[in-house]
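Asker: Okay, here's what each chain looks like letter by letter:
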Amino acid sequence: MRFKLRNAFASCALTFGFLPMVFTSSLHADWPQFRGPNAGSISLESKLPTKFGGESKANVAWQTKLPGRSVGGAIVIGDQVITTSSSGMDQRRLHLISVNDKDGSIRWQQEFVARGRTNCHPTSAIAAPTPASDGKYVYAFYSSNDLACVDLDGNLIWYRSLSTDFPKAGNDVGMSSSPIVVDGVCIVQVECQGDSFAAGVSCEDGSILWRMDRPKQANWASPVVIKLPSGEQVVVMQSSQDLLAVAPKTGKTVWTMDVKCSSIPSAMAAESRLFVPAAGLTVFDLSSVGAVPSKLWDNNKLAANACSPLVVGKRVYTISRTVLASADLFSGELKWQARLPDAKSIWASPVVAGNNLYIFTEDGKCFVVNLGDEKGEVVETNDLGESVLGSPAISGNAMYVRGVSSIWKIAEK
Amino acid sequence: MFAKQDIHSSIAKLKQTALALFIGLGMGVTLHAETSTELIKQLQSLQPNDASNQTATKTIKQLNAANDVTVIQSLTAMKGATPLGRNWLLGLANSLYRKSGKSQTAELSTFLSDVSQDGEARYIAFQWLTANNAELRKKLLDGMKQDPSPELRYLAISEAVAAKPDTPELLSLLDSARHAQQVVSIIGVLKEKGTVVDQVKQFGLLTQWKLIGPFDNVGTVNFDKVFPVEADWMNGKVKDEYESKLVVDGKNVNAKWINESAKSEDGTIDLAAIYSNEKGCIVYAATEFDSEKEQDAELRLGCINGNKTWLNGKLVMSNEVYHTDMKIDQYIETVRLKAGKNQILVKLSQNEQKEQWAQRFAFQLRVSDSTGKAILAKGR
Chain B
11 MRFKLRNAFA
21 SCALTFGFLP
31 MVFTSSLHAD
41 WPQFRGPNAG
51 SISLESKLPT
61 KFGGESKANV
71 AWQTKLPGRS
81 VGGAIVIGDQ
91 VITTSSSGMD
101 QRRLHLISVN
111 DKDGSIRWQQ
121 EFVARGRTNC
131 HPTSAIAAPT
141 PASDGKYVYA
151 FYSSNDLACV
161 DLDGNLIWYR
171 SLSTDFPKAG
181 NDVGMSSSPI
191 VVDGVCIVQV
201 ECQGDSFAAG
211 VSCEDGSILW
221 RMDRPKQANW
231 ASPVVIKLPS
241 GEQVVVMQSS
251 QDLLAVAPKT
261 GKTVWTMDVK
271 CSSIPSAMAA
281 ESRLFVPAAG
291 LTVFDLSSVG
301 AVPSKLWDNN
311 KLAANACSPL
321 VVGKRVYTIS
331 RTVLASADLF
341 SGELKWQARL
351 PDAKSIWASP
361 VVAGNNLYIF
371 TEDGKCFVVN
381 LGDEKGEVVE
391 TNDLGESVLG
401 SPAISGNAMY
411 VRGVSSIWKI
421 AEK
Chain E
6 MFAKQDIHSS
16 IAKLKQTALA
26 LFIGLGMGVT
36 LHAETSTELI
46 KQLQSLQPND
56 ASNQTATKTI
66 KQLNAANDVT
76 VIQSLTAMKG
86 ATPLGRNWLL
96 GLANSLYRKS
106 GKSQTAELST
116 FLSDVSQDGE
126 ARYIAFQWLT
136 ANNAELRKKL
146 LDGMKQDPSP
156 ELRYLAISEA
166 VAAKPDTPEL
176 LSLLDSARHA
186 QQVVSIIGVL
196 KEKGTVVDQV
206 KQFGLLTQWK
216 LIGPFDNVGT
226 VNFDKVFPVE
236 ADWMNGKVKD
246 EYESKLVVDG
256 KNVNAKWINE
266 SAKSEDGTID
276 LAAIYSNEKG
286 CIVYAATEFD
296 SEKEQDAELR
306 LGCINGNKTW
316 LNGKLVMSNE
326 VYHTDMKIDQ
336 YIETVRLKAG
346 KNQILVKLSQ
356 NEQKEQWAQR
366 FAFQLRVSDS
376 TGKAILAKGR
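Chains as they are written, first to last, in this note's numbering: chain B, 11 to 423; chain E, 6 to 385.
Bound conformation, chain B alone (with noise of 0.2 Å):
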């Protein structure tokens, strides 16, 4: 059914020359990238186990194991389920894998050599960043700078290495930016210290469309599409040094503010307004026309270390350390806090389905919190087993779990 709703738009993008950008959170809707539909991590109509894994691997509707390893996230797309890998010497054989939603197998695979540096953190992996879809193909990116396009049957449509355009564009670390598609445009952000810069990539064809100098900083967070009130969509970025709107078609800039960003977690926006990870969190007015936004507030007890900041009806949640917590949308005022009892690290932007927030941490657990108006209960804790970096895809009432080395699909049985 969702297979056909898919060509259905299909048959109206060839009909009347669009690709209709449907991103809703709507069961069964598809999880284009980081973060899903709008960069909003949630899914409410989603109903998910809140028991799932363990020994018994209970909810568990297939778990595969895939080469190499990724701290990135899946997308789906239909029913596929897509994600990236890095793996064998260096990690410099770099994997885009579609995956079936049905039974867990491998549908079809693509498989580049990174020409770009292959230098990271032991955690991390080359196969860092989400990828993303506009439905008709799928745009991989990788901490080496590699980007590759491939249609939705796997097929090489192009193929670019971005660091042998800007060879000193790379971080040692490993970079994680991960891209977002939006008006044919394929959007990356690579901030390091060497070729520091943004681009927008034709969708057709791969070439540069525009690209834009950035602050020479590390910075790993991603940019976001908002909607502007004359419906006009701009890419929001963020650095240590800046946080600006461009225009996608040609990198024109459409304001920027003199704010200092976190450069891990990323910007998202919801209820006409911009929550950055800044000064802890700094939410801005998207509702003025033609203006640069104003600040609506700030509050530094709701810092993010790396989880992106996510809206669930009138509170806004930012996890710092292992910490969650609560505040409320409109005045920043914070509601409560909890504390995740002995998490470890927590790198994936947590994900809500219906009311309950799930939160994995490194090792492979995940803490469930059912989000209420007076406190958030941990309401189950369960273990993968397999460490965990990337943040879940939710579709229909499906969650899927990038491991490092493989990936999970939960639903209930």
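The hints are simulated quantities; they were obtained by calculation from the structure and are not laboratory data.
Treat the hints loosely; a few may be bogus.
Stated by the list, open to error - Here are the simulated lysine-lysine pairs, DSS-like style, with alpha carbons at most 25 Å apart: (1) E:Lys104 x E:Lys46; (2) B:Lys57 x B:Lys423; (3) E:Lys346 x E:Lys215; (4) E:Lys359 x B:Lys75; (5) B:Lys354 x B:Lys112; (6) E:Lys206 x B:Lys146; (7) E:Lys244 x E:Lys319; (8) E:Lys250 x E:Lys230; (9) B:Lys375 x B:Lys75; (10) B:Lys75 x E:Lys104; (11) B:Lys354 x B:Lys75; (12) B:Lys270 x E:Lys66; (13) E:Lys230 x E:Lys244; (14) E:Lys215 x B:Lys112; (15) E:Lys332 x B:Lys226; (16) B:Lys259 x E:Lys63; (17) E:Lys230 x E:Lys144; (18) E:Lys206 x E:Lys332; (19) E:Lys66 x B:Lys146; (20) E:Lys230 x E:Lys359; (21) B:Lys226 x E:Lys230; (22) B:Lys61 x B:Lys112; (23) E:Lys313 x B:Lys226; (24) E:Lys319 x B:Lys178; (25) E:Lys268 x E:Lys383; (26) E:Lys206 x E:Lys261; (27) E:Lys359 x B:Lys112; (28) E:Lys313 x B:Lys178; (29) B:Lys226 x E:Lys359; (30) E:Lys346 x B:Lys226; (31) B:Lys67 x B:Lys423; (32) E:Lys332 x B:Lys178; (33) B:Lys178 x E:Lys230; (34) E:Lys144 x E:Lys268; (35) B:Lys75 x E:Lys378; (36) B:Lys75 x E:Lys144; (37) E:Lys206 x E:Lys63; (38) B:Lys146 x E:Lys63; (39) B:Lys57 x B:Lys270.
Once you have looked at the hints, place chain E on chain B.
Answerer: Chain E in isolation, oriented as in the chain B frame:
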């Protein structure tokens, strides 16, 4: 109503058209075969620019649709292709392999055994052949410990080391190993077994240096400044001392050359220890490499600070990067050594970051061949 000659004329034209179509179609078949070969050639020579990318996008579309291109043809074309071209051809080969039903075992075996083929292409042939055949994988890797493909050799040695061999076998594997981390790993295993290997010599790390500094780099603004010592070194006339950033008892103190030897087994020169954790500074390190002959080589630098390296007065690498990582073979550049004494100068730039993890000021340098095997200086 048509006149008779008109009908004859029309029939003649139809015959001509049919003949032209027939010839055209025939030529089309031939042209198609030629075109596929030509298309593959286009991918082989890809350059990093938009025009080349746009051409390649059209080319790969035609090749994906063609029915006369084989997996082996695509893999074979990787030999001699540019690094970009190899990835396009690898992408094509992956699609072709999937479409072929993954059934070309004999052809892939022959291709893999031909060590003159491109190493990256042979590696994926190995992956395909052994994906579901552990026995074949082990058998093939047993014979690949000296394979010309760095990736296959690395894999073969990794598997052999994992099998916990005895000391003679480990020493043999060490001789074959080229990947720096793998060499360190084998030396570590040998040490546990009681056999100590001179790691510095194994890698060809340069241990004897003359250092001078610290010079001013406050604000990290002097990475590209040519300090007098640098200018003099290029002219082959260095002085014993130069004005430095050091102030002792309220007076400026000149920097003097000092001799320093690497003391650790990874050949690291610890500038932070030598220069009392000075921040915002530049230090120069100079050494000689006495080459047996004129030869191609690689300078392999590990450094956690900004760095520039000159060989015989020519700048060969420059990396203005601070505190991301330091490991052996971090930066590699191909050079041509002259016979006899080669002059090496390294400029090391420390910034002023205050974080605990940003205090190191250190480097290591070695000389190797293109595979990573040490080239030792004359008499070493």
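Asker: To test your reading of the hints: which numbers does this structure violate?
Answerer: Violated: hints 4, 5, 6, 12, 14, 17, 26, 27, 30, 34, 35, 37, 39.
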